[in-house]
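Protein chains: 2
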Amino acid sequence: MAKTIKDPEQHKKRMQAIKSHVDKRIAKAQEDKGTFVLLTGNGKGKSSSALGMVARALGHGMKVGVVQFLKGEWNTGEIDFFKQQQGIRWEIMPAGFTWETQNRESDIASSQQAWTQAIEMLTDPSFDLVVLDELTYLLHYEYLNEDAVIEVLMQRPENQHLVVTGRGASEALVALADTVSEIKEVKHAFKIGIKAQKGLEF
Amino acid sequence: MAKTIKDPEQHKKRMQAIKSHVDKRIAKAQEDKGTFVLLTGNGKGKSSSALGMVARALGHGMKVGVVQFLKGEWNTGEIDFFKQQQGIRWEIMPAGFTWETQNRESDIASSQQAWTQAIEMLTDPSFDLVVLDELTYLLHYEYLNEDAVIEVLMQRPENQHLVVTGRGASEALVALADTVSEIKEVKHAFKIGIKAQKGLEF
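As you go down the protein sequences, you meet chains P and E in turn.
Just so we're aligned, residue 0 is where the first sequence starts under numbering that gives the first Met the number 0, counting upward by one.
Just so we're aligned, residue 0 is where the second sequence starts under numbering that gives the first Met the number 0, counting upward by one.
Here chain P stands alone, though its shape is the one from the complex (with noise of 0.2 Å):
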């Protein structure tokens, strides 16, 4: 699937179609509507800054999408914690990290579920922030189309904010974004031993 990405015609009329968007919004930009955040890079603090912006939100009495895409059945702090608010919705991609399953199939299978999920959402103006965890991923493997998925970013409800996560972003993903930060690792606990903590990494 979506092996036109790479070919140069589809990538240019991809990124015209990208500019002329975000020509129109820099042109309305004084207008209160929905921002992209794009938190990228190989740093910590992607996956808990979108999950702090998901606190803010709610703390606004605005209503919230999660989509988690590569937690698997993992068990988290922050499904403990969320699930149990209001105005939430809060949805994991099934089947565990990719680099476990071992199987694109599947894995392309499991994608396209949770991209539904996703598209729920960013198609109904009544969600006031939709956050798609760890979303790049599934882009840099091709298990999504991007051409799809920035076609449905671009359309989404107006003052709809939407925060996506994870390395690697493509530059199509970056042009898009209005707000994007690389999260670039100075150092890492892992790194002299430390294993993943509770409270911080999960």
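Since the hints were made in silico from the structure, they are not lab data.
Worth double-checking, as some hints may not be accurate.
If several chains are the same, the list does not tell them apart, and a pair holds so long as it fits within one copy or across any two.
[Stated by the list, open to error] Simulated crosslink set (PhoX-like; lysine-lysine; CA at most 25 Å straight-line): (1) 82 x 62; (2) 18 x 32; (3) 11 x 62; (4) 18 x 190; (5) 18 x 194; (6) 27 x 197; (7) 82 x 11; (8) 32 x 183; (9) 82 x 197; (10) 62 x 18; (11) 32 x 194.
Based on the hints, put chain E in the right spot on chain P.
Chain E alone, transformed into the frame defined by chain P:
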């Protein structure tokens, strides 16, 4: 205050004390113990990432303490949200942003007051996670003595996690932390005229 910070001998002594602390830490790294995460850099996502870790920790039933330096009386989603949760103590430095107050004496008094609350958390083993949001600014402006702060951070209960956020973290803080992320601004919606958005920035 804290003028000795720029003294080379003092600096060397401090860095040696930190190195000795970190060496001991690495030697015992396999144990499950408190990790110090430092989130710095000029991009969006530092405080929100800390808030995400608060949510994770609460989800695991951990006790959390938060001190927000520089937030003043600003009404934020995170305050409305987290204040109603169980297992959290949340303190906000009195008086507004320092660049609003323009009064060094009162800023120092407010800083000391907030730091005293932080010390209560950092010396109480019942807190599993302590967040010191925007602490770096107070050190940068020398509202707090960095040596005294570093000493308290090093002496905290050994299973207590710590998250410090803010731009321009000092060499000493970077040296002391287990995990350091630099959040770089690639682009920011503010720069194209989009104002701070409820649910994302506050």
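Of all the hints given earlier, name the ones this structure violates by number, lowest first. Per hint list: 3, 7 and 10 violated.
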